[in-house]
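Protein chains in written order, with our numbering: chain A, 1 to 360; chain B, 1 to 217.
No wet-lab data here; the hints were simulated from the structure. Treat the hints with caution; some may be incorrect.
Here are a few chain B residues that face chain A, going by a calculated C-beta distance under 7 Å [claimed, not checked]:
# : residue
1 : P41
2 : V74
3 : L86
4 : V88
5 : P89
Simulated restraints, written as ranges between beta carbons of each label pair [unchecked claim]:
#  : chain 1 : residue 1 : chain 2 : residue 2 : range
6  : A       : N37       : B       : I133      : 37 to 45 Å
7  : A       : R64       : B       : R201      : 25 to 33 Å
8  : A       : G235      : B       : D141      : 51 to 59 Å
9  : B       : R34       : A       : R128      : 36 to 44 Å
10 : A       : A40       : B       : G87       : 31 to 39 Å
11 : A       : R64       : B       : G169      : 39 to 47 Å
12 : B       : G20       : A       : P303      : 47 to 55 Å
13 : A       : D3        : B       : R120      : 34 to 42 Å
14 : A       : R128      : B       : R202      : 24 to 32 Å
15 : A       : T341      : B       : V30       : 32 to 40 Å
16 : B       : R34       : A       : P157      : 46 to 54 Å
17 : A       : D67       : B       : A188      : 32 to 40 Å
18 : A       : R192      : B       : V30       : 40 to 48 Å
19 : B       : V30       : A       : K72       : 34 to 42 Å
Don't be surprised by glycine CBs; every beta carbon is placed ideally from N, CA and C.
This is what each chain is made of:
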Amino acid sequence: MADEPLVLGIETSCDETGVGIVRGTTLLADAVASSVNDHARFGGVVPEIASRAHLEAMVPTIRRALDTAGIKASDLDGIAVTAGPGLAGALLVGVSAAKAYAWALDKPLYGVNHLASHICVDQLEHGRLPQPTMALLVSGGHSSLLLSADITTDVRPLGATIDDAAGEAFDKVARVLGLGFPGGPVVDRKAREGDPRAIAFPRGLSGPKDPEYDFSFSGLKTAVARWVEARRRAGESVPIADVAASFQEAVTDVLTRKAVKACKANGVDHLMIGGGVAANSRLREMAQQRCDKAGIVLRVPRPGLCTDNGAMVAALGAEMVWRDRAPSAFDLSADSSLPVTEVSVPHTDLHSAAHRALQS
Amino acid sequence: MLLLAFDTATPAVTAAVHDGTAVLAETFQVDARRHGELLLPAVEEVLRTAGVDKHRLTAIAVGVGPGPYTGLRVGLVTAAALGDALGVPVHGVCTLDAIAHQARAEGLTGPFTVATDARRKEVYWASYDDSGIRVQGPAVDRPAELAPEARSVGAGALLYPDTFPHAQGPEHVSAGALADFAATELAAGRELLPNVPLYLRRPDAQVPAGYKAVLPA
Ligand SMILES: [Zn+2]
């Protein structure tokens with residue numbers, strides 16, 4: 001629909017410089033410049049390298065997104081940007097750029113939450129989110145179960161990892177197996193040739209007294225390392241495909257079991273899965289089976305929209321405009337630990353003005 | 001000419017508007033941790049004070065450092081984005097050159113060294129001859145390893161009196177001086193720098209030393 005808001009979104013919370021353009025729930029452009037290869041030899045994302053890359057890529061990536069969408073910057077109805085959580089220095093590059101464009105073009109600015117954006121991106125694939133929606137977000141930086149009644153105002157955390165993020169566990173296991181960085185895609189690939197029942201790796205926080213919706217992957221990662229080292233020490237070869245498949249099975253088993261349980265307990269009949277680990281083929285397969293069995297509709301965006309990108313930020317920005325939510329001020333901060341409950345960072349002046357009005 | 005100038009390479013967040021002859025308005029706030037929050041409101045304010053509509057700007061000048069990176073990048077990415085959105089060219093200025101320009105405008109004569117705080121017990125520095133031309137630097141070093149000119153300016157010089165015994169202000173850069181430096185250079189037909197940061201250091205990053213075993217040896 002032509003009268004739906006046209007919004008540009010900027011994402012720089014980690015190592016991807018993402019710029020997306022959407023009209024309502026329609027994706028028009030999704031430009032990404034990644035510095036992932038610059039981090040590979042360090043075995044993880046180096047914040048300063050990521051920040052430098054964001055600065056170089058920022059304006060060219062915006063130009064590319066505008067060209068792809070075939071629009072002029074002056075046509076936009078708003079500019080959205082990830083205000084947090086994420087790497088502080090990396091976030092600051094995107095937030096500063098977004099402010100400059102919004103101010104120069106006289107457009108409203110929306111500082112939004114990275115996690116809420118991961119959920120909202122599914123609107124570009126499957127239309128507006130049902131209310132409420134349960135979301136399982138799994139990536140190298142986060143592993144959370146979130147319940148959202150309104151993606152622009154109300155996101156409640158039910159559980160999260162107490163140690164490593166799921167994607168981090170993939171990276172570390174890939175390292176133990178000598179498969180390189182990032183670990184997610186290569187472990188997924190190796191696992192396809194292996195037997196997921198070959199080794200019984202532990203399922204963290206799955207006991208009757210454990211917190212119902214929290215996750216733990218640190219013990220699993222250590223168990224895999226111990227198992228592999230013991231083999232090597234005994235002079236035996238390591239069945240890499242079986243280890244990868246059994247590890248992946250343990251991760252996806254816990255994630256999908258808890259997600260389905262959370263849906264049932266809260267009477268929610270839609271589950272969305274987002275974040276980079278949502279690209280994992282076994283997670284998608286197992287989630288589909290378990291959701292089908294439980295009568296839950298599963299929504300998983302295509303892999304390109306699951307990883308960090310600008311389209312997800314634009315999607316949430318467009319929803320903010322559509323629902324007439326308050327924009328942010330030009331003194332907007334990048335907040336590396338922005339709580340998931342803060343879907344956006346509204347104009348503080350309006351906020352305090354409303355406050356004063358209530359008190360007088 | 002209507003030039004918007006700003007700098008975030010020192011603890012100051014500073015913006016100015018210059019018409020090719022003089023500074024029309026200037027803002028200056030010192031808060032090393034809030035460059036991101038302060039810069040755009042400062043730009044807005046300085047244009048309002050100068051009575052200049054942003055669409056009348058003809059160029060942007062930005063301090064490209066050297067300076068602590070996180071704050072420095074706020075200025076550079078803002079300049080790049082404004083230049084793109086407003087359709088005006090962006091000129092880079094070495095922040096130390098702008099401080100030197102200001103020191104001379106305030107009456108400092110003869111050769112001198114400009115030094116700013118690079119943290120980690122180091123300074124960013126450059127030296128200028130008696131006509132104001134940069135003859136050494138910019139570079140980043142420990143003060144003890146330097147042999148600066150007898151006269152010096154900048155917060156980095158004031159911080160290390162053993163190396164810089166007669167240090168004086170200005171401590172930080174002012175956008176008015178930066179704008180004036182840029183306007184003077186452009187009027188003389190000289191080229192300024194590209195809008196690219198002068199980091200002077202490689203990123204801190206360590207390649208992990210092999211895989212660490214979890215089993216006891
Ligand atoms: Zn993410």
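Comparing the hints with the structure gives:
{"no.": "1", "hint": "P41", "result": "holds (5 Å)"}
{"no.": "2", "hint": "V74", "result": "holds (5 Å)"}
{"no.": "3", "hint": "L86", "result": "holds (5 Å)"}
{"no.": "4", "hint": "V88", "result": "violated (10 Å)"}
{"no.": "5", "hint": "P89", "result": "violated (13 Å)"}
{"no.": "6", "hint": "A:N37 - B:I133: 37 to 45 Å", "result": "holds (41 Å)"}
{"no.": "7", "hint": "A:R64 - B:R201: 25 to 33 Å", "result": "holds (30 Å)"}
{"no.": "8", "hint": "A:G235 - B:D141: 51 to 59 Å", "result": "holds (53 Å)"}
{"no.": "9", "hint": "B:R34 - A:R128: 36 to 44 Å", "result": "holds (38 Å)"}
{"no.": "10", "hint": "A:A40 - B:G87: 31 to 39 Å", "result": "holds (38 Å)"}
{"no.": "11", "hint": "A:R64 - B:G169: 39 to 47 Å", "result": "holds (45 Å)"}
{"no.": "12", "hint": "B:G20 - A:P303: 47 to 55 Å", "result": "holds (53 Å)"}
{"no.": "13", "hint": "A:D3 - B:R120: 34 to 42 Å", "result": "violated (54 Å)"}
{"no.": "14", "hint": "A:R128 - B:R202: 24 to 32 Å", "result": "violated (47 Å)"}
{"no.": "15", "hint": "A:T341 - B:V30: 32 to 40 Å", "result": "holds (34 Å)"}
{"no.": "16", "hint": "B:R34 - A:P157: 46 to 54 Å", "result": "violated (29 Å)"}
{"no.": "17", "hint": "A:D67 - B:A188: 32 to 40 Å", "result": "holds (37 Å)"}
{"no.": "18", "hint": "A:R192 - B:V30: 40 to 48 Å", "result": "violated (58 Å)"}
{"no.": "19", "hint": "B:V30 - A:K72: 34 to 42 Å", "result": "holds (39 Å)"}
Checked against the numbered hints given earlier, the structure breaks hints 4, 5, 13, 14, 16, 18 and satisfies all the rest.
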